[in-house]
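J.: Listed below are the residues making up each chain.
Number of protein chains: 2
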Amino acid sequence: MKFVTGTTQKTIGYHTIAEGGLNNQSVTVHGAVHTLREMGGICFLTLRMADGSVQCVCSPETLPPGLCEECAVELTGTLRAEPRAPGGWEIAAEQVAILSRPAAPMPVCLGKRALRIHLDAELPLRPVLLRESRRRAVFRIQEGLARAFREYLTGEGFTEIHTPKIVSAGAEGGSNIFRLDYFGKKAYLAQSPQVYKQTMVGVYERVYEVGPVFRAEKHATGRHLNEYTGLDFEMGYIRSFYDMIEMETGFLQSAMALLEREYRQELTLLGVELPGTASIPCLRFDQAKRLAAEKYGYPIRDPYDLEPEEESRIGQYVKEALGSDFVFITHYPSKKRPFYTMDDPEDSRYTLSFDLLFRGLEVTTGGQRIHDYRQQVAKMEARGMDPADFSSYLMIHRYGMPPHGGLGIGLERLTMQLCGLDNIRQASLFPRDRSRLDP
Amino acid sequence: MKFVTGTTQKTIGYHTIAEGGLNNQSVTVHGAVHTLREMGGICFLTLRMADGSVQCVCSPETLPPGLCEECAVELTGTLRAEPRAPGGWEIAAEQVAILSRPAAPMPVCLGKRALRIHLDAELPLRPVLLRESRRRAVFRIQEGLARAFREYLTGEGFTEIHTPKIVSAGAEGGSNIFRLDYFGKKAYLAQSPQVYKQTMVGVYERVYEVGPVFRAEKHATGRHLNEYTGLDFEMGYIRSFYDMIEMETGFLQSAMALLEREYRQELTLLGVELPGTASIPCLRFDQAKRLAAEKYGYPIRDPYDLEPEEESRIGQYVKEALGSDFVFITHYPSKKRPFYTMDDPEDSRYTLSFDLLFRGLEVTTGGQRIHDYRQQVAKMEARGMDPADFSSYLMIHRYGMPPHGGLGIGLERLTMQLCGLDNIRQASLFPRDRSRLDP
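Chain order of the listed sequences is A and B. Quick note, the first sequence lines up with residues 1 to 439 if you use my numbering. Quick note, the second sequence lines up with residues 440 to 878 if you use my numbering.
Some hints could be false.
Calculated cross-link-like contacts (lysine to aspartate or glutamate; reagent style EDC-like; alpha-carbon spacing at most 16 Å) [unchecked claim]:
#  : chain 1 : residue 1 : chain 2 : residue 2
1  : B       : K624      : A       : D51
2  : B       : K625      : A       : D181
3  : B       : K774      : B       : D828
4  : B       : K818      : B       : D783
5  : A       : K186      : B       : D620
6  : A       : K186      : B       : D872
7  : A       : K185      : B       : D877
8  : A       : K112      : A       : E122
9  : B       : K625      : A       : D433
10 : A       : K165      : B       : D877
11 : A       : K10       : A       : D51
12 : A       : K165      : B       : D872
Covered stretches of chain B, going by a simulated chain A footprint (3 or more residues, C-beta under 8 Å) [as the list claims (entries may be wrong)]:
#  : segment
13 : 555-567
14 : 591-604
15 : 707-721
16 : 829-837
Keep in mind the hints are simulated off the structure, nothing from the lab. Quick caveat, the model's predicted, so the values are computed rather than measured. Glycine included, C-beta positions come from ideal geometry on N, C-alpha and C.
From just these sequences and the hints, can you work out the full model?
T.: Here it is, written out as structure tokens:
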């Protein structure tokens with residue numbers, strides 16, 4: 001009888017090579033043949049490994065017959081420091097074994113220094129184009145952001161939750177919701193974990209969730225997806241909505257530190273300059289609108305709305321006047337915020353809520369929620385909503401909730417702004433938009 | 440202008456108290472009044488905090504008017520070791536301030552030592568019943584399992600991915616799939632991230648995803664959910680499917696160690712005995728069926744299927760004969776496995792695949808996948824499938840994939856078996872079954 005003991009295969013990856021301890025030693029590595037070219041009788045093979053690529057030199061007799069790009073291989077050779085090789089390391093191959101072969105040559109050359117393809121041509125080929133170095137780097141950085149979110153919040157006493165994505169009603173209301181048939185009943189795809197994360201504040205005080213969010217928005221822009229990854233948290237016993245703002249700032253600081261520490265290779269490849277996060281300015285909604293309009297000389301069209309162009313202008317203002325890539329915009333107008341948002345007791349036309357703009361684009365929406373039962377019922381009624389439709393949700397207010405609030409970050413938007421991408425589809429592995437459902 | 444610097448509120452939680460360094464000191468804590476009862480002129484208040492509860496004693500004059508259970512309070516008093524108090528600590532309250540009040544008393548008493556309610560009565564009240572200690576403990580342990588999965592795999596060189604849940608076709612096939620309207624097109628909810636995680640092996644070699652999985656299964660059992668959390672991984676350059684089995688074993692070892700280290704309070708409360716994971720037996724499908732049938736004296740009805748009762752019997756056999764709570768069942772019949780599963784070259788009626796049974800219940804399905812383009816096309820055709828319907832998926836095989844495989848773990852099933860729950864609905868915060876869509 002066979003028994004297993006959890007012994008996993010230890011392989012040599014790019015990071016092990018880059019650490020330098022194996023210089024002049026024989027190594028066995030595996031990976032895909034990223035590029036293969038002959039120069040003066042010698043073959044240069046770029047081996048794509050899990051965490052980076054390394055140049056290998058092979059004599060013609062070392063090359064197995066039929067070796068081509070995108071073959072999976074196992075390669076044994078001597079590792080040596082080689083300043084002329086990308087990354088500074090090279091393997092002089094002594095043996096190359098083919099583990100698997102493609103059935104056809106790649107439709108594009110992955111080895112090009114900057115592989116520029118129109119998005120409409122790129123997206124159908126995504127399954128293989130993601131193998132290109134810069135694209136790989138984008139989603140490694142995205143991993144780092146989600147990882148930092150979880151690790152930071154775990155350290156701050158948050159509990160991770162998993163809440164349903166098939167729901168009986170939309171939390172945000174409106175028509176931007178996908179409908180489905182659920183065993184003969186009407187159901188929807190969750191527009192946010194709002195109801196559930198508030199509920200779980202009554203259980204664990206501080207909770208977070210990383211999961212998909214669905215928005216049936218019809219507009220096709222470079223900053224909207226119909227399915228995205230939400231980084232959501234919610235916390236109780238707050239003194240004001242600045243507690244959430246401070247928590248997000250702490251997360252951003254921690255994320256930039258993690259990227260700097262463990263994702264340097266990817267940042268360098270993409271030329272990403274990490275934004276400063278030591279101190280982030282907060283501007284009131286009306287104040288931010290006024291400052292940007294005055295500075296750039298345009299009229300304010302709607303005092304209760306913030307259009308994308310205005311967000312961009314505010315981002316520009318904050319960068320020029322305060323040197324910050326980030327700005328929290330606070331006190332959004334009540335009519336623009338959902339029914340669970342707490343109004344500002346000093347001026348009920350505004351709310352105790354905020355957005356975070358990063359380089360002129362909204363990447364977060366958050367705020368303090370109503371915790372008092374009667375206050376929540378009254379706000380629903382004032383909006384023409386029937387509290388009876390929300391009895392499961394109102395149960396938490398009815399039986400007692402601490403003062404609380406939270407926020408939701410769009411992971412793809414954060415990735416996009418950080419990496420300087422010009423379309424959010426470049427920050428989603430397999431983007432969903434109005435016309436795209438495949439791959 | 441206001442600036443924020445990431446300064447978060449540091450509060451004293453249960454763990455800080457339990458560490459003992461604050462004995463005989465004045466502390467200020469916050470939480471919900473879990474229970475409140477008077478005994479001989481003194482009030483005993485159990486304060487429910489984020490990470491545990493502490494007993495507080497209050498004189499009548501310390502109690503603010505209107506204090507009741509589920510009030511959110513801030514409480515200042517002297518902490519002292521008190522062997523008679525649950526957990527060994529007590530706060531002699533000097534000041535209690537009410538932060539918020541419920542509008543009605545709780546429908547059930549949360550303070551009962553074992554709050555037993557029929558599931559049909561429990562589930563509608565979940566939003567507030569989750570505040571009860573044992574229920575809180577279950578989902579803390581669930582957090583620990585998901586956290587261990589991510590942390591272990593990150594350490595093994597895996598990259599986290601986020602893949603679409605709205606898809607154009609089902610990976611597992613069959614009728615167990617939710618349909619939705621996607622801007623006038625037919626779409627489905629992903630039954631697994633199978634296609635995408637295989638695709639990403641071509642990019643990062645080793646990937647994992649934690650996310651929702653949707654199954655429109657009509658049967659109502661104590662071990663099925665229509666939406667659950669999948670812990671999925673996929674890895675390339677494998678030598679055999681035992682590489683995935685070893686990796687899962689490593690994860691289980693790491694998970695048990697994390698729970699022992701950081702979730703001791705919850706394990707004790709639930710009376711959970713952590714299973715041994717040092718060495719896990721592997722039995723072939725046909726062998727496991729035969730051994731259990733022989734030992735317990737029942738006939739094998741279908742040599743190509745494994746019914747729940749048989750899984751349970753095999754679990755019993757492995758526990759009694761080998762002392763193990765876990766067993767990997769390998770070499771499932773080909774006709775029971777999806778089209779992407781690699782057949783055993785030594786006997787093509789069976790596959791290079793496996794399930795993990797934990798205390799007699801399947802908690803994982805995995806296996807080696809076909810990586811060769813022609814082989815995959817041939818298997819599709821043999822099953823009457825049209826390869827043209829899978830062109831995005833087959834792109835990865837066509838342009839080259841390493842030998843690879845992976846697995847999917849049901850987080851709720853793992854939680855259920857570990858905590859000894861008798862219905863999977865107890866291991867899902869807000870379960871989705873055929874008749875339940877709310878809360």
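J.: Decide, hint by hint, whether the structure agrees.
T.: Evaluation of the provided hints:
A threshold of 16 Å between alpha carbons decides the hint, and for K624(B) with D51(A) the separation of about 38 Å lies outside it, so the pair is violated. For a cut-off of 16 Å, the pair hint linking K625(B) to D181(A) stands: about 12 Å separates their Cα positions. Distance check on the hinted pair: K774(B) and D828(B) sit about 21 Å apart at the alpha-carbon level, beyond 16 Å; violated. Proposed proximity of K818(B) and D783(B) is supported: the alpha carbons are some 13 Å apart, at most 16 Å.
Under the criterion of a C-alpha separation no larger than 16 Å, the hint pairing K186(A) with D620(B) is consistent with the structure, at around 12 Å. A hinted pair counts as satisfied when its Cα atoms are at most 16 Å apart, and K186(A) with D872(B) qualifies at roughly 14 Å. Between K185(A) and D877(B), the direct Cα distance comes to roughly 12 Å. Compliance with the 16 Å bound is thereby established for this hinted pair. Under the criterion of a C-alpha separation no larger than 16 Å, the hint pairing K112(A) with E122(A) is consistent with the structure, at around 15 Å.
Taking the CA atoms of K625(B) and D433(A), the gap is about 14 Å. The hint holds against a cut of 16 Å. For the given pair, K165(A) sits about 11 Å from D877(B) by alpha-carbon distance, which is consistent with the 16 Å threshold. With a C-alpha separation of about 14 Å, the suggested pair K10(A) and D51(A) falls inside the 16 Å cut-off, and the hint holds. A threshold of 16 Å between alpha carbons decides the hint, and for K165(A) with D872(B) the separation of about 13 Å falls inside it, so the pair holds.
Proximity of the segment 555-567 of chain B to chain A, defined as three or more residues with a beta carbon under 8 Å from a beta carbon of that chain, is established by the 4 residues found. Counting residues of the segment 591-604 of chain B whose CB falls under 8 Å from any CB of chain A gives 10; the rule of at least 3 is met. With 6 residues bearing a CB less than 8 Å from a CB of chain A, the segment 707-721 of chain B meets the requirement of three and the coverage assertion stands. Coverage of the segment 829-837 of chain B by chain A holds [criterion: at least 3 residues with CB-CB distance below 8 Å; count 6].
Consistency note: the structure conflicts with the earlier hints numbered 1, 3.
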